[in-house]
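Trainee: Chain residues, written in single-letter form:
There are 2 protein chains.
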Amino acid sequence: MPVNYTPPTPEQLLPVRGITLGTAAAGIKRWTRDDVLLIRLSPGSHASGVFTQNRFCAAPVIVCREHLAQGTQTRALLINAGNANAGTGDAGLAAARLTCAAVAKQLACAREEVLPFSTGVIMEPLPVDKIVDALPRCAAALTPGGWYAAVRAIMTTDTVPKGASRRIDIEGTTVTITGIAKGSGMIAPDMATMLAFVATDAPIAPALLRDLAAEIADVSFNRATIDGDTSTNDSFVLMASAQAPLRPIERSNDPRLSTVRAALQEVAVELSQAIVRDGEGATKFINITVEGGRDGSECDRVARAIARSPLVKTAFFASDPNLGRIVCAIGNAGIADLDPRGVTFWLDEVLVVADGGRAASYRERDGQRVMTKPEISVRVSLSRGDATATVWTCDFSHGYVSINADYRS
Amino acid sequence: MPVNYTPPTPEQLLPVRGITLGTAAAGIKRWTRDDVLLIRLSPGSHASGVFTQNRFCAAPVIVCREHLAQGTQTRALLINAGNANAGTGDAGLAAARLTCAAVAKQLACAREEVLPFSTGVIMEPLPVDKIVDALPRCAAALTPGGWYAAVRAIMTTDTVPKGASRRIDIEGTTVTITGIAKGSGMIAPDMATMLAFVATDAPIAPALLRDLAAEIADVSFNRATIDGDTSTNDSFVLMASAQAPLRPIERSNDPRLSTVRAALQEVAVELSQAIVRDGEGATKFINITVEGGRDGSECDRVARAIARSPLVKTAFFASDPNLGRIVCAIGNAGIADLDPRGVTFWLDEVLVVADGGRAASYRERDGQRVMTKPEISVRVSLSRGDATATVWTCDFSHGYVSINADYRS
Numbered sequence: 001m002p003v004n005y006t007p008p009t010p011e012q013l014l015p016v017r018g019i020t021l022g023t024a025a026a027g028i029k030r031w032t033r034d035d036v037l038l039i040r041l042s043p044g045s046h047a048s049g050v051f052t053q054n055r056f057c058a059a060p061v062i063v064c065r066e067h068l069a070q071g072t073q074t075r076a077l078l079i080n081a082g083n084a085n086a087g088t089g090d091a092g093l094a095a096a097r098l099t100c101a102a103v104a105k106q107l108a109c110a111r112e113e114v115l116p117f118s119t120g121v122i123m124e125p126l127p128v129d130k131i132v133d134a135l136p137r138c139a140a141a142l143t144p145g146g147w148y149a150a151v152r153a154i155m156t157t158d159t160v161p162k163g164a165s166r167r168i169d170i171e172g173t174t175v176t177i178t179g180i181a182k183g184s185g186m187i188a189p190d191m192a193t194m195l196a197f198v199a200t201d202a203p204i205a206p207a208l209l210r211d212l213a214a215e216i217a218d219v220s221f222n223r224a225t226i227d228g229d230t231s232t233n234d235s236f237v238l239m240a241s242a243q244a245p246l247r248p249i250e251r252s253n254d255p256r257l258s259t260v261r262a263a264l265q266e267v268a269v270e271l272s273q274a275i276v277r278d279g280e281g282a283t284k285f286i287n288i289t290v291e292g293g294r295d296g297s298e299c300d301r302v303a304r305a306i307a308r309s310p311l312v313k314t315a316f317f318a319s320d321p322n323l324g325r326i327v328c329a330i331g332n333a334g335i336a337d338l339d340p341r342g343v344t345f346w347l348d349e350v351l352v353v354a355d356g357g358r359a360a361s362y363r364e365r366d367g368q369r370v371m372t373k374p375e376i377s378v379r380v381s382l383s384r385g386d387a388t389a390t391v392w393t394c395d396f397s398h399g400y401v402s403i404n405a406d407y408r409s
Numbered sequence: 001m002p003v004n005y006t007p008p009t010p011e012q013l014l015p016v017r018g019i020t021l022g023t024a025a026a027g028i029k030r031w032t033r034d035d036v037l038l039i040r041l042s043p044g045s046h047a048s049g050v051f052t053q054n055r056f057c058a059a060p061v062i063v064c065r066e067h068l069a070q071g072t073q074t075r076a077l078l079i080n081a082g083n084a085n086a087g088t089g090d091a092g093l094a095a096a097r098l099t100c101a102a103v104a105k106q107l108a109c110a111r112e113e114v115l116p117f118s119t120g121v122i123m124e125p126l127p128v129d130k131i132v133d134a135l136p137r138c139a140a141a142l143t144p145g146g147w148y149a150a151v152r153a154i155m156t157t158d159t160v161p162k163g164a165s166r167r168i169d170i171e172g173t174t175v176t177i178t179g180i181a182k183g184s185g186m187i188a189p190d191m192a193t194m195l196a197f198v199a200t201d202a203p204i205a206p207a208l209l210r211d212l213a214a215e216i217a218d219v220s221f222n223r224a225t226i227d228g229d230t231s232t233n234d235s236f237v238l239m240a241s242a243q244a245p246l247r248p249i250e251r252s253n254d255p256r257l258s259t260v261r262a263a264l265q266e267v268a269v270e271l272s273q274a275i276v277r278d279g280e281g282a283t284k285f286i287n288i289t290v291e292g293g294r295d296g297s298e299c300d301r302v303a304r305a306i307a308r309s310p311l312v313k314t315a316f317f318a319s320d321p322n323l324g325r326i327v328c329a330i331g332n333a334g335i336a337d338l339d340p341r342g343v344t345f346w347l348d349e350v351l352v353v354a355d356g357g358r359a360a361s362y363r364e365r366d367g368q369r370v371m372t373k374p375e376i377s378v379r380v381s382l383s384r385g386d387a388t389a390t391v392w393t394c395d396f397s398h399g400y401v402s403i404n405a406d407y408r409s
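In the order they appear, the protein sequences are chains S and G. So in the numbering used here, spot 143 of the first sequence is number 143, and the numbers just go up one at a time. So in the numbering used here, spot 348 of the second sequence is number 348, and the numbers just go up one at a time.
Only chain S is shown next, with the shape it has when bound in the complex (with noise of 0.2 Å):
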């Protein structure tokens, strides 16, 4: 069960104009759910994506990355999970390929207009006749109140779907934003095996939307880390229909793209913490923030190497305040010049550790009490600058072991 959230109702996530979902089961693995997603946005709608920065990218990411870099309108995205179509080769592209084929003429439209996605075991050959087969079905399905449908198809080792609404005013017009993910395992840094897909109906031109992609990556998913692992096919979509009656927002000093962004960043940051929540065999969720860095990224890498320390998650897995691993990995995140005396951290409100050592004031007990918790912040102070940075990661738990051994069986 993830630790602290709670799956939306079908009736949460709200229908956004311009946007329809629609499911099939197509048996890509030996299972009778729906896998395959397609989701039609009207014309003149866009779509902005960040994706893995894995090398081993896999094939719908070098597609997807193809066609927006086209700079046309997206019409669709099909998504199946299942599997991953990654380490598949020049076979694997040209099955991304031929399955946006078929999409474009299933929907009329053209085929760089189509982003591909997958998710699910690497280096098996992705079944593209069982996909296409099941587009009509998922075609007669498309309806707008289909994103609970959705985001179960594309569950993999999720125990719960994920997916959050907003509805803002915009000029006295009702902005929505709906957006679903899927996690769980393999969540890390630079966009791990997650697909996230955000719509909105507010007219963002497609410039605006592929920045903003990137600025709520960085303070959403890119927060996000389970364990260390950056897959091959993260991908976070943001898609625009423009189907509110608003003028365009054309530029980024428009202070009714502040009020989207927002709302956009709230939804993201709910899916990303969600997501960690349903870390594979997670019970704890973990907020680290590291603090007084010189830069962001040495902060960054603070936070991570403590996010990432095996020994650090098993701790906190077994509520044992066992706080010298935190110590041993800050020293392990490979700032050359960091002075332990200047380091300090807190485990939510109790002091553990002041100029490099153990706090005078830190009782055992304390510590303790903390480490039951099912929410635990962990706050680092490096006394060196200004900077910040936070990441969220979850626990190490038998639960991880024995979901990791047998997920393909």
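By construction, these hints were calculated from the structure, which means they are not laboratory data. Since we're looking at a predicted model, the values are computed, not measured. Any given hint could be a false lead.
Note that the list lumps identical chains together, so a pair holds whenever it fits in one copy or between two copies.
[Claimed, not checked] Here are the simulated lysine to aspartate or glutamate pairs, DMTMM-like style, with alpha carbons at most 25 Å apart:
{"id": "1", "residue 1": "K29", "residue 2": "D320"}
{"id": "2", "residue 1": "K29", "residue 2": "D133"}
{"id": "3", "residue 1": "K29", "residue 2": "E364"}
{"id": "4", "residue 1": "K373", "residue 2": "D320"}
{"id": "5", "residue 1": "K105", "residue 2": "D129"}
{"id": "6", "residue 1": "K130", "residue 2": "E364"}
{"id": "7", "residue 1": "K29", "residue 2": "D366"}
{"id": "8", "residue 1": "K373", "residue 2": "D348"}
{"id": "9", "residue 1": "K130", "residue 2": "E112"}
{"id": "10", "residue 1": "K373", "residue 2": "E270"}
Knowing the structure of chain S, use the given hints to seat chain G on it.
Mentor: Chain G alone, transformed into the frame defined by chain S:
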């Protein structure tokens, strides 16, 4: 139980002329076993060391570096288990110095001729009094045959003692090399929670001994990684008592040095592999070799990216040929211009990936067969140069989580 490792018998750990060892029970933790080790070296002995790169290095590591920097002879090593004296600030430093002073008094030598080492829980005050009280008992127990008792005294979560000896003939004189080591979690690049002490009676000049320690660490202890964490206390110390009746070895091109180096290296490799074989919860020993890189450093990064991926490690634990995870880890190594199409990899003799995708000849049953073995080799070619690198690691099991969730209790 360790993977394919038979611990030495007491008789197999050969005395080294000029070196005696004594242990005692100081009661540092709630145990009754010996937990303090004193190693005494005859006058004219020298030592050199390679230490952790962790910025929060432990107090004894700081003191070791200071003492070795004096360039004097080394007359004693003091090692305790149960408390790492790390993250203990100035008080910890004072504590480490106090124990050295006590040894110096006990053995009538100078303080800077004593090297201190600690292993155990981080961020708890070192019980100096208990250790100092144990010194006379250690001194009374000093014996050339004390190697086996010595390694038992420094164990923490190790399941077996680790030690090795070699006898070599140099110009008709027998030279002995004996080493002991303790692991077993937190073993990682750049020396991790690992203590290793290797001694010889060969008369190696101090300047050569320094280079030799670095050279040997680089092909042995620095190749070992268990969970990617690097501890605050890792230390590898090479000791030369110069008691073998030979002319001093003073030049780096002395052929006798090659002979000694080869034997020292054999012992160091055996110890470092033993540490991995007895890694916390380990059920598999994995040898990862990356070849065809532009330089050793990028090969090393790819090898360590594979070795530290929790997804790869849990797949090994499960004997699951989910080999896409290895592809994913290669892509995560941070080599920005790596061309996936140049990547080939083999699991033992089975070709898995060629031209960046699954090899046409690959059959899952072949991958499955290799994955069930207790000892597996992963060989990756990057096809972009002539460099190679090797690391040794183990899998990630329920045992790891249990050990690290319960370590302090």
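Trainee: State for each hint whether it applies.
Mentor: Hint check results:
1. K29 - D320: This pair counts as between: shortest inter-copy Cα distance 17 Å, intra-copy 39 Å.
2. K29 - D133: Within one copy only: 15 Å inside a chain, 66 Å across chains, cut-off 25 Å.
3. K29 - E364: Between copies, since 16 Å is at most 25 Å while 49 Å is not.
4. K373 - D320: Classified as within: same-chain Cα gap 11 Å, cross-chain 34 Å, threshold 25 Å.
5. K105 - D129: within (15 Å within a copy, 81 Å between copies)
6. K130 - E364: between (57 Å within a copy, 22 Å between copies)
7. K29 - D366: between (48 Å within a copy, 22 Å between copies)
8. K373 - D348: Answer is within; shortest intra-copy Cα gap is 10 Å, inter-copy 45 Å.
9. K130 - E112: So K130 and E112 pass the 25 Å test inside one copy only (22 Å; across, 73 Å).
10. K373 - E270: Result: close within a single copy only, 20 Å intra versus 43 Å inter.
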